[in-house]
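Student: Sequence:
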Amino acid sequence: MIKPVLLFFSIAFLFYGCKQEDLTPSWIKIDAFDLVTNEETQGWDTHGIVDAWIFMDNQPLGVHEIPCVIPVLDEGVHDFTIFAGIKNNGISSTRKRYPFYETYEVTTSLSKNDTLVIEPVITYKNSTSFAFIEDFENAGISFVKGPVSDTNIVFIYQADEPEIVAYGDKCGGIFLEGADSLFTVFTEEFMNLPRGEEVYLEVDYRNDNSIAMGVLAKFPDGSVDEQAPLLQMNPQEAGSEVWKKIYIQLSENVSFNVNYQTFEIYFLSLIDDGQSSAHIYLDNIKVVHYQ
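Throughout, our numbering is defined as the position within the sequence shown, counted from one, plus 156.
The hints are simulated quantities; they were obtained by calculation from the structure and are not laboratory data.
A few of these clues could be false.
Under the rule of at most 27 Å between Cα atoms (straight-line distance), these lysine-lysine pairs were calculated in the DSS-like manner [stated by the list, open to error]:
{"id": "1", "residue 1": "Lys374", "residue 2": "Lys185"}
{"id": "2", "residue 1": "Lys252", "residue 2": "Lys374"}
{"id": "3", "residue 1": "Lys243", "residue 2": "Lys400"}
{"id": "4", "residue 1": "Lys185", "residue 2": "Lys243"}
{"id": "5", "residue 1": "Lys185", "residue 2": "Lys401"}
{"id": "6", "residue 1": "Lys374", "residue 2": "Lys268"}
{"id": "7", "residue 1": "Lys301", "residue 2": "Lys252"}
{"id": "8", "residue 1": "Lys185", "residue 2": "Lys301"}
{"id": "9", "residue 1": "Lys301", "residue 2": "Lys268"}
{"id": "10", "residue 1": "Lys400", "residue 2": "Lys268"}
{"id": "11", "residue 1": "Lys185", "residue 2": "Lys281"}
{"id": "12", "residue 1": "Lys185", "residue 2": "Lys268"}
{"id": "13", "residue 1": "Lys185", "residue 2": "Lys252"}
{"id": "14", "residue 1": "Lys401", "residue 2": "Lys281"}
{"id": "15", "residue 1": "Lys301", "residue 2": "Lys401"}
{"id": "16", "residue 1": "Lys243", "residue 2": "Lys268"}
{"id": "17", "residue 1": "Lys401", "residue 2": "Lys268"}
Here are the computed distance ranges between Cβ atoms for each label pair [unchecked claim]:
{"id": "18", "residue 1": "Lys268", "residue 2": "Glu196", "range": "24 to 34 Å"}
{"id": "19", "residue 1": "Ala295", "residue 2": "Ser267", "range": "36 to 46 Å"}
{"id": "20", "residue 1": "Leu179", "residue 2": "Glu408", "range": "25 to 35 Å"}
{"id": "21", "residue 1": "Ser433", "residue 2": "Asp201", "range": "24 to 34 Å"}
{"id": "22", "residue 1": "Asn194", "residue 2": "Arg251", "range": "19 to 29 Å"}
{"id": "23", "residue 1": "Val262", "residue 2": "Ser285", "range": "24 to 34 Å"}
We put the CB at the ideal spot given by N, CA and C, even for glycine.
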């Protein structure tokens, strides 16, 4: 009878003598980021943040597409650090922290079975330099028509087309049809951009036709290297177009040749196959790098 008794007490100890771990989670909810800018020096506050890179007490809680609600097996007061994540070059598989946005930091408390709502408010880093801003709010446009272009970019006024202009009083419009089937523009002036560092182009766009962008580099002797288009923004379904934002990494293009001195950005569009016309809108175009 000794062995059965020992077995009974051993089982009883396993089930009742060991304290059960409490797996009741706290919850964190993040719906969106809020970007705050100085409109005069940094342009409009549009952004395309899609992910929250979340850290608690310097430990990673993962990368989460927003809006998100995530469980945390902890409670009490903690330090949270949240980074803004983007689709690099507009590609879903190349997500990264955007290097020019400040992190959001907050010390707050978690409660089990309760939801903590975090609303990250961020700015551009103080070390961010804006080499180019075109928000189409001034009297002129900081692009020049390419020598072979059939048409040019024009102002679209909010007062005339409120369903199109989403930011400020104006945006840029590009229209292709019939003989006007090719569009090219270049930034009005060459820019000094750092080699071997992060350089990005930000663009808000709304389009029912493809539009590409690229880099033109000038050498010290005045000759230029017009690089092949770096990236194409694909058309949205006609009638369902919305404003989107893309972050285009220019670092490799700027650093491709050590003899490059200054740079222009260009946009290029042809009427897509099977289309008879095209409507493309651009706004809040920025080139940013570190000071």
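Student: Decide, hint by hint, whether the structure agrees.
Tutor: To see whether the hints hold, each was checked on the structure:
At most 27 Å may separate the alpha-carbon atoms for a hinted pair to count; Lys374 and Lys185 exceed this at roughly 48 Å. Only pairs whose Cα atoms come within 27 Å are accepted, and Lys252 paired with Lys374 is rejected, the gap being roughly 30 Å. Distance hint between Lys243 and Lys400 is fulfilled; the C-alpha atoms sit about 12 Å from each other, no more than 27 Å. Proximity of Lys185 to Lys243 is assessed by CA-CA distance (about 21 Å); at most 27 Å being required, the pair is judged to hold.
A hinted pair counts as satisfied when its Cα atoms are at most 27 Å apart, and Lys185 with Lys401 qualifies at roughly 24 Å. For a cut-off of 27 Å, the pair hint linking Lys374 to Lys268 is broken: about 60 Å separates their Cα positions. Annotation: proposed proximity of Lys301 to Lys252 is violated, straight-line Cα distance about 34 Å (limit 27 Å). Note on Lys185 and Lys301: the hinted pairing is violated, with a Cα-Cα distance of about 47 Å set against a maximum of 27 Å.
Of the pairs offered as hints, the one joining Lys301 and Lys268 is violated, with about 60 Å between alpha carbons and a cut-off of 27 Å exceeded. Straight-line distance between C-alpha atoms of Lys400 and Lys268 comes to about 38 Å, which puts the hinted pair past the 27 Å bound. With a C-alpha separation of about 25 Å, the suggested pairing of Lys185 with Lys281 holds against the 27 Å cut-off. At roughly 14 Å between alpha-carbon atoms, Lys185 and Lys268 fall within 27 Å of each other, so this suggested pair holds.
Pair hint Lys185 plus Lys252 holds up; C-alpha atoms about 21 Å apart against a cutoff of 27 Å. With a CA separation close to 19 Å, the supplied pair Lys401 and Lys281 stays within the 27 Å bound. This hinted pair checks out: Lys301 and Lys401 have alpha carbons roughly 23 Å apart, not beyond 27 Å. The hinted pair formed by Lys243 and Lys268 fails the criterion: a straight-line CA distance of about 33 Å is larger than 27 Å.
Restraint check for Lys401 and Lys268: not satisfied, since their Cα atoms lie roughly 37 Å apart, outside the 27 Å limit. Restraint check, Lys268 to Glu196: a C-beta distance of roughly 46 Å breaks the suggested window 24 to 34 Å. Range check, Ala295 to Ser267: Cβ separation about 55 Å, and the 36 to 46 Å hint is violated. Between Leu179 and Glu408 the CB atoms are about 47 Å apart, so this pair departs from the stated range of 25 to 35 Å.
Between Ser433 and Asp201, the C-beta spacing of about 32 Å keeps the proposed range 24 to 34 Å intact. Taking the beta carbon of each, Asn194 and Arg251 are about 27 Å apart, inside 19 to 29 Å as hinted. The beta-carbon spacing between Val262 and Ser285, approximately 28 Å, falls within the hinted interval of 24 to 34 Å.
In this structure, the hints that do not hold are numbers 1, 2, 6, 7, 8, 9, 10, 16, 17, 18, 19, 20, in rising order.
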